[in-house]
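Participant: Residue-level listing of the chains:
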Amino acid sequence: MNDTRALIETLSSLDYEGMYQNDFLLTWEKSQDELMATFRVAQILRGLREANISPRIFDSGLAISLFRDQSTRTRFSFASAANLLGLTVQDLDEKKSQVAHGETVRETANMISFMADVIGIRDDMFIGKGNTYMREVAKSVQEGFEDGVLEQRPTLVNLQCDIDHPTQSMADMLHLIERFGGVENLKGKKIAMTWAYSPSYGKPLSVPQGVIGLMTRFGMEVVLAHPEGYEVMPEVEAVAKRNAEAGGGSFTRAGGMAEAFEGADIVYPKSWAPFAAMEKRTRLYEDGDWDGIDALEKELLAENARHKDWTCTEELMAKTKDGAALYMHCLPADITGVSCEEGEVAASVFDRYRVALYREASQKPYIIAAMMFLARVRNAGEKLMEILERGEPRRR
Amino acid sequence: MNDTRALIETLSSLDYEGMYQNDFLLTWEKSQDELMATFRVAQILRGLREANISPRIFDSGLAISLFRDQSTRTRFSFASAANLLGLTVQDLDEKKSQVAHGETVRETANMISFMADVIGIRDDMFIGKGNTYMREVAKSVQEGFEDGVLEQRPTLVNLQCDIDHPTQSMADMLHLIERFGGVENLKGKKIAMTWAYSPSYGKPLSVPQGVIGLMTRFGMEVVLAHPEGYEVMPEVEAVAKRNAEAGGGSFTRAGGMAEAFEGADIVYPKSWAPFAAMEKRTRLYEDGDWDGIDALEKELLAENARHKDWTCTEELMAKTKDGAALYMHCLPADITGVSCEEGEVAASVFDRYRVALYREASQKPYIIAAMMFLARVRNAGEKLMEILERGEPRRR
Amino acid sequence: MNDTRALIETLSSLDYEGMYQNDFLLTWEKSQDELMATFRVAQILRGLREANISPRIFDSGLAISLFRDQSTRTRFSFASAANLLGLTVQDLDEKKSQVAHGETVRETANMISFMADVIGIRDDMFIGKGNTYMREVAKSVQEGFEDGVLEQRPTLVNLQCDIDHPTQSMADMLHLIERFGGVENLKGKKIAMTWAYSPSYGKPLSVPQGVIGLMTRFGMEVVLAHPEGYEVMPEVEAVAKRNAEAGGGSFTRAGGMAEAFEGADIVYPKSWAPFAAMEKRTRLYEDGDWDGIDALEKELLAENARHKDWTCTEELMAKTKDGAALYMHCLPADITGVSCEEGEVAASVFDRYRVALYREASQKPYIIAAMMFLARVRNAGEKLMEILERGEPRRR
Numbered sequence: 000m001n002d003t004r005a006l007i008e009t010l011s012s013l014d015y016e017g018m019y020q021n022d023f024l025l026t027w028e029k030s031q032d033e034l035m036a037t038f039r040v041a042q043i044l045r046g047l048r049e050a051n052i053s054p055r056i057f058d059s060g061l062a063i064s065l066f067r068d069q070s071t072r073t074r075f076s077f078a079s080a081a082n083l084l085g086l087t088v089q090d091l092d093e094k095k096s097q098v099a100h101g102e103t104v105r106e107t108a109n110m111i112s113f114m115a116d117v118i119g120i121r122d123d124m125f126i127g128k129g130n131t132y133m134r135e136v137a138k139s140v141q142e143g144f145e146d147g148v149l150e151q152r153p154t155l156v157n158l159q160c161d162i163d164h165p166t167q168s169m170a171d172m173l174h175l176i177e178r179f180g181g182v183e184n185l186k187g188k189k190i191a192m193t194w195a196y197s198p199s200y201g202k203p204l205s206v207p208q209g210v211i212g213l214m215t216r217f218g219m220e221v222v223l224a225h226p227e228g229y230e231v232m233p234e235v236e237a238v239a240k241r242n243a244e245a246g247g248g249s250f251t252r253a254g255g256m257a258e259a260f261e262g263a264d265i266v267y268p269k270s271w272a273p274f275a276a277m278e279k280r281t282r283l284y285e286d287g288d289w290d291g292i293d294a295l296e297k298e299l300l301a302e303n304a305r306h307k308d309w310t311c312t313e314e315l316m317a318k319t320k321d322g323a324a325l326y327m328h329c330l331p332a333d334i335t336g337v338s339c340e341e342g343e344v345a346a347s348v349f350d351r352y353r354v355a356l357y358r359e360a361s362q363k364p365y366i367i368a369a370m371m372f373l374a375r376v377r378n379a380g381e382k383l384m385e386i387l388e389r390g391e392p393r394r395r
Numbered sequence: 000m001n002d003t004r005a006l007i008e009t010l011s012s013l014d015y016e017g018m019y020q021n022d023f024l025l026t027w028e029k030s031q032d033e034l035m036a037t038f039r040v041a042q043i044l045r046g047l048r049e050a051n052i053s054p055r056i057f058d059s060g061l062a063i064s065l066f067r068d069q070s071t072r073t074r075f076s077f078a079s080a081a082n083l084l085g086l087t088v089q090d091l092d093e094k095k096s097q098v099a100h101g102e103t104v105r106e107t108a109n110m111i112s113f114m115a116d117v118i119g120i121r122d123d124m125f126i127g128k129g130n131t132y133m134r135e136v137a138k139s140v141q142e143g144f145e146d147g148v149l150e151q152r153p154t155l156v157n158l159q160c161d162i163d164h165p166t167q168s169m170a171d172m173l174h175l176i177e178r179f180g181g182v183e184n185l186k187g188k189k190i191a192m193t194w195a196y197s198p199s200y201g202k203p204l205s206v207p208q209g210v211i212g213l214m215t216r217f218g219m220e221v222v223l224a225h226p227e228g229y230e231v232m233p234e235v236e237a238v239a240k241r242n243a244e245a246g247g248g249s250f251t252r253a254g255g256m257a258e259a260f261e262g263a264d265i266v267y268p269k270s271w272a273p274f275a276a277m278e279k280r281t282r283l284y285e286d287g288d289w290d291g292i293d294a295l296e297k298e299l300l301a302e303n304a305r306h307k308d309w310t311c312t313e314e315l316m317a318k319t320k321d322g323a324a325l326y327m328h329c330l331p332a333d334i335t336g337v338s339c340e341e342g343e344v345a346a347s348v349f350d351r352y353r354v355a356l357y358r359e360a361s362q363k364p365y366i367i368a369a370m371m372f373l374a375r376v377r378n379a380g381e382k383l384m385e386i387l388e389r390g391e392p393r394r395r
Numbered sequence: 000m001n002d003t004r005a006l007i008e009t010l011s012s013l014d015y016e017g018m019y020q021n022d023f024l025l026t027w028e029k030s031q032d033e034l035m036a037t038f039r040v041a042q043i044l045r046g047l048r049e050a051n052i053s054p055r056i057f058d059s060g061l062a063i064s065l066f067r068d069q070s071t072r073t074r075f076s077f078a079s080a081a082n083l084l085g086l087t088v089q090d091l092d093e094k095k096s097q098v099a100h101g102e103t104v105r106e107t108a109n110m111i112s113f114m115a116d117v118i119g120i121r122d123d124m125f126i127g128k129g130n131t132y133m134r135e136v137a138k139s140v141q142e143g144f145e146d147g148v149l150e151q152r153p154t155l156v157n158l159q160c161d162i163d164h165p166t167q168s169m170a171d172m173l174h175l176i177e178r179f180g181g182v183e184n185l186k187g188k189k190i191a192m193t194w195a196y197s198p199s200y201g202k203p204l205s206v207p208q209g210v211i212g213l214m215t216r217f218g219m220e221v222v223l224a225h226p227e228g229y230e231v232m233p234e235v236e237a238v239a240k241r242n243a244e245a246g247g248g249s250f251t252r253a254g255g256m257a258e259a260f261e262g263a264d265i266v267y268p269k270s271w272a273p274f275a276a277m278e279k280r281t282r283l284y285e286d287g288d289w290d291g292i293d294a295l296e297k298e299l300l301a302e303n304a305r306h307k308d309w310t311c312t313e314e315l316m317a318k319t320k321d322g323a324a325l326y327m328h329c330l331p332a333d334i335t336g337v338s339c340e341e342g343e344v345a346a347s348v349f350d351r352y353r354v355a356l357y358r359e360a361s362q363k364p365y366i367i368a369a370m371m372f373l374a375r376v377r378n379a380g381e382k383l384m385e386i387l388e389r390g391e392p393r394r395r
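Chains as they are written, first to last, in numbering that gives the first Met the number 0: chain Y, 0 to 395; chain C, 0 to 395; chain S, 0 to 395.
Hints are computed from structural coordinates only; laboratory data are not their basis. Quick reminder that beta carbons are idealized off the backbone N, C-alpha and C, glycines included. Misleading hints may appear alongside valid ones.
What the hints assert, rightly or not - Footprint (simulated), chain S over chain Y, 3 or more residues, beta carbon under 8 angstroms:
#1 49 to 60
#2 74 to 81
What the hints assert, rightly or not - Residues of chain Y clear of chain S, computed beta-carbon distances all greater than 10 angstroms:
#3 13
#4 128
#5 234
#6 282
#7 286
#8 293
#9 302
#10 307
#11 320
#12 338
#13 341
#14 391
#15 392
Starting from the given sequences, assemble the full structure and let the hints guide the process.
Facilitator: Structure representation (structure tokens):
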């Protein structure tokens, strides 16, 4: 508990006021202090829970979740975070609801928000759509609040969009902070964010984009590598470059996995779909061109199959710093010989890092809870100290 | 908070004892005092929540929901109300469950009720079925309670049936009370409940029926208008007539929208299906006559299309009292040029009233919470004063 | 409340320490004291709730549910139990989630458990699979806990597997304890667990297996009867024999219903699928042999139809002790002339026992809550006395 107390005390040196009553949509919209506050509140909440102290701050209230794509991890992380703080998850299931029947986003956003404190949205399938949709919802509830329709303005958490996956990249970063013993130790560390082969197609770009957009903020040497044609969104690359310049690190590209892995402290090999193809798919969906979508899918799978050598083998791992780089993944990974014939990573590599990977994933509920906490509590530091002092048990 | 305290004090002059341990199925089964108590408790609960006082009265307990038709608004309103009072919603999803496999209503009603305080049911699709089903459930849990199977008798809330939609009409009425500055100011006001064209078919009759069955209780001049063939249930018209006679208002029919809108203080133009056609559809479903249902649907859509002039335009709005009648709708509305080519209302009319419409909708969670509160707490007034005095924060 | 206090005091004479932090997978893995502790805690929790005392022991926390088969009763019982103790149910819906997409059980088990106190699983469809799967999950979360991935090790409750249905058989047993005025009065009582005809096919064997595996522990004379070919798993029969020898009762087989019912104090006639056929079906599913499955289904239904005389009639009931044996069923029953043309039981028999059957079912939420309580609280007796003394109301 001394650690937790000390962590709470460090919050007073950070300026995170701007997070109160605000959404968490893209990490690069947040200041360095705000990101640090999020990591610390996540650690504090974990410390409290592990010490059997309940950080519940709501006696009632809803956390609305809207998943436009399948999810196990993020769904459970969101549910865990909401529950820890005292909110009840209410799913907006577009199949059960009337959303598809001519309702405008504005109307639905208000109708579900009368008693909502938080809205979490996953909308990652179509380029140019997901983040835009979130901003429409945010604008709608802001108007509803200003018009006196909503007594309070629920805040949004981006649970993955077409551009960023902040709950993932923040959990990944917190994992690094813990593994390397502090954010200061990450300066100058090399992280290789690389494409890797997977037999499936169309995985969102938000994970690599989230990683290059965030990790460049902490003085790290971020290297991106992928086969030709698998470019990520140019605007996110621009963000990564700007961040690296401002933060004293670097953002570069490597021609292949071997080059990227060379001397790396951390590797993050993962499949994603080409940005241009995803854009094309979005247009095909808009036109309802199902034959076109089928053709595109076949084309993309064939293209993928030309890059089966992009896989995280023991040989490649041996090229990393002391042959012992930290292997990261957002899970589930396509593991060669386990979950597929040929995939993103060799079984022996995955096995060696399994515990670390699970620990990485375990940060997500706390990151989401921290985002909610900072958005809903005006002075998080004071409130957390109050919770610590009170010591109300979670398990009575 | 002084307003809330004053509202709580007014409860002592109302006789609402009969609501304790009782269901809320049709507004016309409730006394004037009971309706007034419901409005006031809704306002009090809203006042408490807005003052960050938690009106939670359950430490645990379930609110069962059974939706036999799609719903966003009512589903979220029910979830919000349950959560505000401390109940957890448990959906009875007939696809997931074994309800369809030869179980009797009696058995299911008891099996889901061992720890249930409230059961909310939406069953509005078939004439003669929904309300009947609710009464079967009510009878079943009453028997279960008397037989010692259930330690308590859960109370029912009608979330829309074939006859009435009390949570909607009560929310609508509370909206009017607030807009007109008190129920006493509604005496003599003219409200036009009219049919309106929609490109969809088969919308329930429970909204217009709920409105004419409730608004006639408060001395209002209720005018019903619809094309020939779009009659509502005759027994509900009879209820409206009786109410008007008893309450000093009137219930009349107008030949068209123009006549109905003339000098109206409030207009409620909305699509619904003809009662006789809905009865026919119910029989076709019973017989499993899918061809017959298809044919009926085509016939009804063709019939609807003959009445596209039944639409709430600016021209019609100009005919209302000072050209400024309050426009109402249960949402979602079919808005011409927005959610459909031709619909119930002109976009400019809808836009002008959007904030009012959202506010109207915002009453529903509080109305449902009030119905639950009055059914589960013996002396609501005392309990609410206790809650106010205690001042336990909702958001700690 | 004196009864409840007295029941709590009796806990001190039982050794149930081994249940803390442990799973409940098969009744025959539990000691006699542990079973008795479960019955008593169930009764105590019921007593507390009926006295409006909240036995809530969690301020937050999740109860994960995974239903691989349809369920109404068990789903609601699990939800009720979790809610009573303060946990929020989070469904792992394999259709919504990514479980089917190459994820290993180990990974999923950890990913859903970061804030889970309890995991309830129903997996009863395939012989050799359900219980095995539960043990895999248990092993996975144990490892996760030991590896520091999970701060706590969630405990499992078997909500029905291929081998046992402990929440059902324990609820059934508690029903008997209450009906016969104490477990000591069950010594020497004859219970007939018999097959009965149903027009459906493929009902799990876990109910008869659960009954013969549990009831033989309490000195009862357990008689099993079924048509040739409807054998249950031989290992469970072996368990029943061992139990009977150890407990001073007996486990025998009868050639038909009439013989089994003769002089019986309790009868439990219920349809199930032949073990060998279920094994065959499991293999056909593994091979994806859909034609084979169809053929097997037809064959089984034809075989079933040869045993329509296996039905619980008034004539058979007349053969029982004083013609008044207690009729039991896990529900829903196939009732002749009610839920099907010819079924497991005559309508008049079912009707006479309806209240008892509903009461039997009402034990399940409390049995599940007791299993959770004993697995999550180190000294259940002390904690329950503390809860009783505190007297915190459930309905405030």
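Participant: Against the structure, test the hints numbered earlier, and report the numbers of the ones violated in rising order.
Facilitator: Failing hints, ascending: 12, 14 and 15.
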